[in-house]
Amino acid sequence: MADSKSVILQIKRQANPREKSHWEEFELPYKPGMNVISCLMDIAANPVTRDGKATTPITYDSNCLEEVCGSCAMLINRRAHMACSALVDRLEQPIRLEPLSKFPVVRDLAVDRQVLFENLKAVKAWVPIDGTYDLGPGPRMTSEQQEAAYPLSRCISCCCCMEVCPQFNEKTGFVGAAVLSQVRLFNTHPTGAALKRERLAALMGDGGIQECGYAQNCVEICPKDIPLTRSISEVAGAVMHHAISDLFRT
Amino acid sequence: MASNPRIIVVGGGLAGLSAVIKLAEMGGTVDLFSIVPVKRSHSVCAQGGINAAKNLKGEGDSTWQHFDDTIYGGDFLANQPPVKAMCEAAPAIIDLLDRMGVPFNRTPEGLLDFRRFGGTLYHRTAFAGATTGQQLLYALDEQVRRYEAEGKVNKYEHWEFLSAVLDGNGICRGICAMDLRSMEVRPFPADAVIVATGGIGAIFGKSTNSVVCTGSAQSALYQQGCYYANGEFIQVHPTSIPGEDKLRLMSESARGEGGRVWVPKQSGDARDPKSIPENERWYFLEDWYPKYGNLVPRDVATRAIFKVVYEYHLGIDGKPMVYLDLTHIDRKILDRKLEGILEIYEKFVGDDPRDTPMKIFPGMHYTMGGLWVDFKQATSIPGIFAAGECEYQYHGANRLGANSLVSCIFGGFVAGPAAIEYASNQSAATSNRHFEAEQKHQEENNARLMKSEGSENPFRLWRELGELMTKNCTVIRYDASLKETDGKLCEMLERFRRINLSDRSQWANTSVVFARQLYNMLQLSRVIAQGAALRSESRGAHYKPDFPERDDKNWLKTTKASFAPDADEPRFEFEPVDVSLIPPRARKY
Ligand SMILES: Cc1cc2nc3c(=O)[nH]c(=O)nc-3n(C[C@H](O)[C@H](O)[C@H](O)COP(=O)(O)OP(=O)(O)OC[C@H]3O[C@@H](n4cnc5c(N)ncnc54)[C@H](O)[C@@H]3O)c2cc1C
Ligand code: SF4
Ligand code: SF4
Ligand code: FES
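Just so you know, the protein sequences line up as chains A and B, in that order.
First residue of the first sequence: 0, per numbering that gives the first Met the number 0; consecutive thereafter.
First residue of the second sequence: 0, per numbering that gives the first Met the number 0; consecutive thereafter.
Isolated chain A, as found in the complex (with noise of 0.2 Å):
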């Protein structure tokens, strides 16, 4: 593909949340290094269709270009996907571009993710502080805690987890895998862990733990290789004791 003079694009359009999709192919002159965005860049410098129609500029979300703020996730040949990081010279073409498909469409591929910031509210994902005047440095933690933590606080709210992750749906109402690995990051924290059991309240029942069937989707898709299978699973085992010791305190 690396040789060919130009690149092929095949993109999901949609104008408004209450309109119909319909595809455009675009064909653009290849250059090298070039990635999905830089592709859509291109298209907005020149909005024409591969058969000759005037269009308009994709609508698509991006900022960093460098995989690090989350924004440009997509479909890309049925792939969740970074946009910034899918470089052209690693896909087939033509290149099939379409918006996340568990989250509503804004426009084109842009698609409201809001769902993931409101459930780290609902699960508090903070360390509760006193306030920001002085009062010393933080608790003392080893090179071994820093290095578990920051793998996990690494996550960019993409939501690619969600998007493959078979049990996340209208009908579940599952957090999804990205809050867990949250949970686990904030629960493991010495000052995080005082909001430990609040957490996993709210974990518990409909779209919370219980949901998750392992199928293992997200942790192959994360762009940051977060840990998630073993969030899942220590937070599922601390679910599970913080309800048997619930049962026994009542």
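To be clear, the hints were calculated from the coordinates, so they are not data collected in a lab.
For clarity, every value in this text was computed on a predicted model and none was experimentally measured.
Cβ atoms here follow ideal geometry from the backbone N, Cα and C, with glycine treated the same way.
Treat each hint with caution, since some may be false.
Said to hold, decoys possible - Incomplete in silico selection of chain B near chain A, CB under 10 Å:
(1) 46
(2) 97
(3) 106
(4) 141
(5) 242
(6) 461
(7) 508
Given chain A's structure and the hints, the job is docking chain B with the ligands onto it.
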């Protein structure tokens, strides 16, 4: 005024979120506006770390030394008292971030680890792997989410600030913003406004910045009467990875951990870099700057690379590129301390920098200039404060690596309380009609763009702008080409009137949004180009071969640009720099 002031914060990067946290903690109600969900702000890109003189390595580091390095690195152009205050506050800021749960790297004893960065001889940079900005932003984002859950913060994400609402006395009473989905333009009242809208990289087309760093908000405020200061000081980072869509940064931390910059001594040497023996390599930074070596400040390293490539013609394969080599460092150390950035190189270039030297070249990275603010972060329009990269206060003529994150957080921490104090002494506006007027004005702007029947594509015009600015307003500057640049900018503003939006729909229309930003970029570009033309000296990042020396007698001054609406162009005045604490001395690394 109200016991519970209502404050608008525009921008949710490190600076904006720091301000929000202070405001919420002090009992204010905050409306937070951001183009992207705040967790996706550009601050996530920061890689290397954050400076604070904690002196945990037995080196005798001190906040005064940090202060001195910052002032000296900035070639004495920064007002000194606020920089001193920032350096003194930095250690407690690190402690706070540590308490918020930032997974900073640790020493064997479990204390915070520090690495070296450019422009200092001390280990002063705290870091979380090589994604420090991401980790800091997340920590602040989490605290803000907590306040959001408590009802103290309302987020308006996917909303863009368009303009301030000023009353008949020129006092800011709120803002006008646009919903980027419904395209609705709406005025929002507030007792004070804090602007924290970040950098301006998009003006240079390709840069290390994120897509939304257009400087559009700063430019809009400048056109409404805010001073814009030191616009001509643009930092070009010595080590970025050239790309089709952006210049991805290769952080200074790569050199902080021992990375070495070199080129083959033989021009056009096409051998595999690893097969080139040591004595046939030229480590030119180590050669020219034995004391600081690869860790000279950015402006110095960038000019050195330009010299090697364009004067000595020693770029790799004759191309504008030099090697940044990590292959002599233990893989385990690289993974533990630099994984995030090595991953970027691997993902986007395809080579493993643990095995192969990286090919890098300087790229536009940061603006030292920005909205003029006083020592309390107040801009020249009453009621508008600014913090973070969008203002000019802390970095003088050249920013030191890892000093931006600390200046963002410190600036936010100053702006928040200052805005509350301002709001509590301010009397209510006498009428509401300014809101309607501003809304109508902005709606008309949109309508005009939608109707415009010309032939200019805004995205193509933007690419031209980027090429023009990169060529003439970055590393090496000549008066003739700066003047020519300003002429071209005027032409582009003229062409802007003939813009044609290929998209005229009223829903999530990115073309109209971008066109608005482009107009503001063009106006701000003139401030940069003209400011650079006026400054007849070389200082920090501003380098003119025709005036190669720093000239304190005439130019130890802050440039202040103001917009003249009738002439539709900037006017300039100059303000003395406060050098009351450290007398200026020659800058020699
Ligand atoms: C690749 C890279 C690496 C870096 N590494 C380091 C480092 O290691 N150490 C260091 O100290 N510095 C580093 N820097 C510099 C530092 O990252 C930035 O200066 C800093 O993050 C800027 O933060 P900010 O809060 O001012 O703005 P940003 O983080 O850019 O946030 C701006 C906010 O404003 C919003 N916004 C912008 N315009 C509008 C508008 N019109 N309406 C509504 N919202 C708007 C955006 O949505 C965003 O939320 C690096 C910079 C780059 C480019
Ligand atoms: S393991 Fe399967 S079911 Fe569970 S979160 Fe991952 S993808 Fe979903
Ligand atoms: S866990 Fe991975 S896939 Fe899921 S949101 Fe986070 S980064 Fe994305
Ligand atoms: S644009 Fe930030 S992850 Fe792709």
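Evaluation of the provided hints:
Restraint check, residue 46/B versus chain A: the minimum CB separation of about 9 Å is within 10 Å; hint holds. Given hint, residue 97/B at the interface with chain A, holds; its Cβ is 4 Å from that chain's nearest Cβ, closer than 10 Å. A cut of 10 Å between beta carbons decides the hint on residue 106/B: the least distance to chain A is about 8 Å, and the hint holds. Proximity of residue 141/B to chain A holds as hinted, the smallest CB-CB distance being about 4 Å (cut-off 10 Å).
For residue 242/B, the interface hint holds, the least distance from its beta-carbon to any beta-carbon of chain A being 6 Å, beneath 10 Å. Interface hint at residue 461/B: satisfied, since its Cβ lies 8 Å from the closest Cβ of chain A, which is below the 10 Å cut-off. About 8 Å separates the beta-carbon of residue 508/B from the nearest beta-carbon of chain A, less than 10 Å, and the hint is met.
Checked against the numbered hints given earlier, the structure satisfies every one of them.
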